[in-house]
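Visitor: Sequence:
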Amino acid sequence: MRIFISHATKNSEIVIKFSEFLENVSSDIEVFCSSEDGSIMIGKNFVQTIFDELNSSDLFVPIISKEYYESKFCMIELGVAYSYLYNQFSKQGEDYIFPFVLYPIQKGQALSGTPIANIQTGSISDEKDIHSFLEYLTSDKGVNIGGGLNRKLHSFIFDIEQIFLSHQSILDTAKIGAYFDDDIEFNNREDIASTSIMENMIVVNYNMNPYEKKKIKYPKFISMVLRYIDKLDISRYLKFNEQAKFIFTLINFTNSLKRIFVEFKYSDNNRILETFEFPVEYGENKLSIPLEKMRSKALGNISEICFVIHPEDVREEEGMFKIGSIKIQ
Numbered sequence: 035m036r037i038f039i040s041h042a043t044k045n046s047e048i049v050i051k052f053s054e055f056l057e058n059v060s061s062d063i064e065v066f067c068s069s070e071d072g073s074i075m076i077g078k079n080f081v082q083t084i085f086d087e088l089n090s091s092d093l094f095v096p097i098i099s100k101e102y103y104e105s106k107f108c109m110i111e112l113g114v115a116y117s118y119l120y121n122q123f124s125k126q127g128e129d130y131i132f133p134f135v136l137y138p139i140q141k142g143q144a145l146s147g148t149p150i151a152n153i154q155t156g157s158i159s160d161e162k163d164i165h166s167f168l169e170y171l172t173s174d175k176g177v178n179i180g181g182g183l184n185r186k187l188h189s190f191i192f193d194i195e196q197i198f199l200s201h202q203s204i205l206d207t208a209k210i211g212a213y214f215d216d217d218i219e220f221n222n223r224e225d226i227a228s229t230s231i232m233e234n235m236i237v238v239n240y241n242m243n244p245y246e247k248k249k250i251k252y253p254k255f256i257s258m259v260l261r262y263i264d265k266l267d268i269s270r271y272l273k274f275n276e277q278a279k280f281i282f283t284l285i286n287f288t289n290s291l292k293r294i295f296v297e298f299k300y301s302d303n304n305r306i307l308e309t310f311e312f313p314v315e316y317g318e319n320k321l322s323i324p325l326e327k328m329r330s331k332a333l334g335n336i337s338e339i340c341f342v343i344h345p346e347d348v349r350e351e352e353g354m355f356k357i358g359s360i361k362i363q
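Position one of the sequence shown corresponds to residue 35 (our numbering), numbered consecutively onward.
Keep in mind that the hints were calculated from the coordinates and are not lab data.
Relax, there's no trap hidden among the hints.
Each pair of labels, with its calculated beta carbon distance range:
id, residue 1, residue 2, range
1, Thr309, Thr283, 11 to 21 Å
2, His344, Leu187, 43 to 53 Å
3, Lys247, Glu101, 44 to 54 Å
4, Asp129, Asp206, 29 to 39 Å
5, Asp86, Asp62, 13 to 23 Å
Distance condition first, Cα-Cα at most 30 Å in a straight line; then the derived DSS-like pairs of lysine-lysine:
id, residue 1, residue 2
6, Lys292, Lys361
7, Lys44, Lys106
8, Lys44, Lys361
9, Lys141, Lys331
10, Lys279, Lys51
11, Lys331, Lys279
12, Lys249, Lys292
13, Lys209, Lys320
14, Lys186, Lys175
15, Lys51, Lys162
16, Lys141, Lys106
17, Lys356, Lys320
All C-beta atoms in this analysis are idealised placements derived from N, C-alpha and C, irrespective of residue type, glycine included.
Using the sequences provided together with the hints, build the complete structure.
Guide: Here you go:
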């Protein structure tokens, strides 16, 4: 049983662990993975090697990720593999493509808009999905699975979760924006609040009274928001580290802030999970929140992380601050 694993180069560390796991649970399984040393010989044409491997493989397993979508070569490879293997196996009624997703890609959306949208997709970090895949190999392909499967599977899941968490960036999948209550008069939203990126930090500019009126109705709040369309799962950090913390640095270099609030929201309705209050000093403020304080199922479905100020939290009507080094460790 020869399995061709298609993946983005940036996911090679996880994919190599997956190929090692498959070959470790059964001596009947041989995996082609272009990330592995020796998979493609020096001087050999890469594209030709891909076609040769497709020709000699029994199954095609694309690892669908954000990076996979961004790779033109991966998408071409997926299309070619589908067309090639369809002609080779469809007449025999055999299955030949088994996609797996990497977080934050969801199983239901992995192949939407493609000719293979109806193919069942699994998650590479879901033990049930891996078991289902191995059961298929056993029942339909006659692959013999060796002993100690559960132990090996637990070890594999642990390893790839550690890899993922070590590389995950809170900002990579976030949409960054500045918001305030609309119950005030303004000409342009940027007059009240705006964000920009400078030296890997988010710069927040605010002005409670941009038009310098004597009688002014201040915005009730101004918020810098990290929005997660596909939701952010930070509960997984607690599985490996009970002391895991949400950490960020706030630079108050104009001394305009006295206090800031951090809100964690969840679900499509952006319901508030927890709110944390921090006094702010002049200069650099290194702040942290233990995830243990938010232990909840909702921690796996975070929709927004908001950094919020109110009129009573500022020393001056106009100011600026920076937020950076946002991570969980």
